[in-house]
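Visitor: From just these sequences and the hints, can you work out the full model?
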Amino acid sequence: MPSKVFQSAADALSDLTFNGMTLMSGGFGLCGIPENLIAAVHEAGMQDISIVSNNCGVDGFGLGILLDAKQIKKMISSYVGENKEFERQYLEGELELEFNPQGTLAERIRAGGAGIPGFYTKTGVGTLIAEGKEHKDFNGETYMLETGLTADVSLVKAWKADKEGNLVYRKTARNFNPMMATAGKVTVVEVETIVESGELDPDEIHTPGIYVQRVIKGTFEKRIEQCTTRSRGDV
Amino acid sequence: MSGAGQKGWNRNQMAARAALELKDGFYCNLGIGIPTLVANYIPEGMHITLQSENGMLGMGPFPYDGEEDADLINAGKQTITELDMSSYFSSSDSFAMVRGGHINLSILGAMEVSEKGDLANWMIPGKMVKGMGGAMDLVAGVKRVVVVMDHTSKSGDPKLLHECSLPLTGQQVVDMVITNFGVFEIDRGKGMRLTELSQDMTVEDIKQSTEAHFDIAL
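Residue numbers (the working numbering), protein chains in the order written: chain D, 1 to 235; chain X, 1001 to 1218.
Just so you know, the hints here were simulated from the structure itself, not pulled from any lab data.
Watch out, some of these pointers could steer you wrong.
[What the hints assert, rightly or not] No more than 25 Å apart at the CA atoms, straight line, and that leaves these computed lysine-lysine pairs for DSS-like:
{"hint": "1", "chain 1": "X", "residue 1": "1190", "chain 2": "D", "residue 2": "122"}
{"hint": "2", "chain 1": "D", "residue 1": "136", "chain 2": "X", "residue 2": "1190"}
{"hint": "3", "chain 1": "X", "residue 1": "1130", "chain 2": "D", "residue 2": "84"}
{"hint": "4", "chain 1": "D", "residue 1": "74", "chain 2": "X", "residue 2": "1130"}
{"hint": "5", "chain 1": "X", "residue 1": "1190", "chain 2": "D", "residue 2": "73"}
{"hint": "6", "chain 1": "D", "residue 1": "70", "chain 2": "X", "residue 2": "1127"}
[Stated by the list, open to error] Far from chain D, by Cβ distances over 12 Å, these chain X residues were calculated:
{"hint": "7", "residue": "1024"}
{"hint": "8", "residue": "1043"}
{"hint": "9", "residue": "1045"}
[What the hints assert, rightly or not] Reference excerpt, derived from the structure (chain D facing chain X, CB under 8 Å, subset only):
{"hint": "10", "residue": "74"}
{"hint": "11", "residue": "77"}
{"hint": "12", "residue": "78"}
{"hint": "13", "residue": "80"}
{"hint": "14", "residue": "99"}
{"hint": "15", "residue": "102"}
{"hint": "16", "residue": "106"}
{"hint": "17", "residue": "125"}
{"hint": "18", "residue": "127"}
{"hint": "19", "residue": "128"}
{"hint": "20", "residue": "168"}
{"hint": "21", "residue": "170"}
{"hint": "22", "residue": "226"}
{"hint": "23", "residue": "227"}
{"hint": "24", "residue": "231"}
{"hint": "25", "residue": "233"}
All C-beta atoms in this analysis are idealised placements derived from N, C-alpha and C, irrespective of residue type, glycine included.
Guide: Structure representation (structure tokens):
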């Protein structure tokens, strides 16, 4: 079997990128985003990308750099309030946007990766997002149909990987990454550390390597969006 | 606690009132703004587990200066800390907890609430829409939903209405509204009743600033 470990983000993506592709990109805000792979997508220069991601980075960082370069055609997200360039492109009609409730987005990705084409949820029933969707009653309550999501390539950030592609995430940097790892036709992962097979405790692996085709070791800025602290004198 | 001449509760008093809705052993999700302040009023000795919908149970306070960790944030994207009780999980597990009715209480802000318990808090047509985040999931799935908000808009218009004018976050989802004027309980889909007045406030004051029909149950 060829190694899953690639030498660089550009190397790992070189034969996977094309204009009009659909990408999933993990992270919540700037926490747990695949910053090396996003930068490589920027350098690869493809256009008209559809991106499934909870947010769209900030101006000049994360997915924001793809926005700045006008590489994104459509976003499927739950919240995009941190980005001025996003607002400008959206209001000018340059960018398509599909809002999903955060839990519905997470479940659509989980379903897509698990081979489930649709599921019923009560989230959003009676709101704008219910328009045009099939409704069905179960046990006296109304639910609506949402569909599973998949992508040509999923970009994932994990903390550690072994050479089998088994992954461990760290703290709240896990967020959307595990589901996205399952929902890409090809899943490319960037990690802080690559260890030998056998070094990760099999009971503590979050994403089994079956979902992971390629791994790179990244270098991370890990920008903090809102640094909130207290001083030692505070109660 | 309130300023000279000010009628009604301030932000901290509203948060303290909301904290009275907590019960020992509850798992709670607190929204951004005044709801976040509720964490400051958890009674001594009461075991409350705070959920952050980006994937954590057992949210701790802000870190000490210099100890912030980019991998550890809350749903408002602020740096936080973990506690002995903490656990981490994916976004799909997080919303399984929410949608599956495992969270006891959600406290969140609102732009408008109707007398039947409809909630609008995510979108103003014609303005840039930032997105609903997890709000639609929370109000659809959490067992009890408490709104904490100012009684009127900045321009003095009522926010408790017969019907919401803004696009809904959820239909018949709110159980209680705590404003700077008082407390309202809602029988989802049926109606609203005024159950408490904040300091110096009269029923007449509230009637003048409220469009929604409400019964009085003081």
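Visitor: Next step is simple, just say for each hint if it's right about the structure.
Guide: Hint check results:
This hinted pair checks out: residue 1190 of chain X and residue 122 of chain D have alpha carbons roughly 20 Å apart, not beyond 25 Å. Between the alpha carbons of residue 136 of chain D and residue 1190 of chain X the distance comes to roughly 23 Å, so the proposed pair stays at or under 25 Å and holds. Distance restraint check for residue 1130 of chain X and residue 84 of chain D: the Cα-Cα separation of roughly 11 Å lies within the 25 Å cut-off, and the hinted pair is therefore satisfied. Proximity of residue 74 of chain D to residue 1130 of chain X is assessed by CA-CA distance (about 15 Å); at most 25 Å being required, the pair is judged to hold.
About 44 Å separates the Cα atoms of residue 1190 of chain X and residue 73 of chain D, which puts this hinted pair outside 25 Å; it is violated. With a C-alpha separation of about 23 Å, the suggested pair residue 70 of chain D and residue 1127 of chain X falls inside the 25 Å cut-off, and the hint holds. At the 12 Å boundary, the C-beta of residue 1024 of chain X stays outside the reach of chain D, the nearest C-beta of that chain being 22 Å off. With a cut of 12 Å on Cβ distances, residue 1043 of chain X stays outside the contact zone with chain D, its closest approach being about 16 Å.
With a minimum CB-CB distance of about 17 Å to chain D, residue 1045 of chain X clears the 12 Å threshold, and the non-interface call stands. At about 14 Å, the closest approach between the beta carbon of residue 74 of chain D and any beta carbon in chain X exceeds 8 Å, and the interface hint on this residue is violated. Restraint check, residue 77 of chain D versus chain X: the minimum CB separation of about 6 Å is within 8 Å; hint holds. For residue 78 of chain D, the suggested interface contact is upheld, since its CB lies about 5 Å from the closest CB of chain X, less than 8 Å.
Using the Cβ-Cβ criterion of 8 Å, the hint placing residue 80 of chain D at the interface with chain X is satisfied: the shortest such distance is roughly 5 Å. Restraint check, residue 99 of chain D versus chain X: the minimum CB separation of about 5 Å is within 8 Å; hint holds. For residue 102 of chain D, the interface hint holds, since its Cβ comes within 8 Å of a Cβ in chain X; the closest pair sits about 4 Å apart. Taken as an interface hint, residue 106 of chain D checks out: its beta carbon lies about 4 Å from the nearest beta carbon of chain X, inside 8 Å.
Hint on residue 125 of chain D holds. Least Cβ distance to chain X is approximately 7 Å, under the 8 Å limit. At its closest, the beta carbon of residue 127 of chain D sits 5 Å from a beta carbon of chain X; the interface hint therefore holds under the 8 Å criterion. Annotation: residue 128 of chain D was flagged as interfacial toward chain X, and the flag holds, the nearest CB pair being 5 Å apart, inside 8 Å. The beta carbon of residue 168 of chain D is not positioned within 8 Å of any beta carbon in chain X (closest approach about 11 Å), and the interface hint is therefore violated.
Checking residue 170 of chain D against chain X by beta carbon gives a least distance of about 5 Å; that is within 8 Å, so the hint holds. For residue 226 of chain D, the suggested interface contact is upheld, since its CB lies about 5 Å from the closest CB of chain X, less than 8 Å. Against a cut-off of 8 Å between C-beta atoms, the interface hint on residue 227 of chain D holds, since the closest Cβ of chain X lies about 5 Å away. Contact between residue 231 of chain D and chain X, as hinted, is supported at the beta carbon level, the nearest pair being about 6 Å apart and thus within 8 Å.
Checking residue 233 of chain D against chain X: minimum C-beta separation of about 10 Å lies over 8 Å; hint violated.
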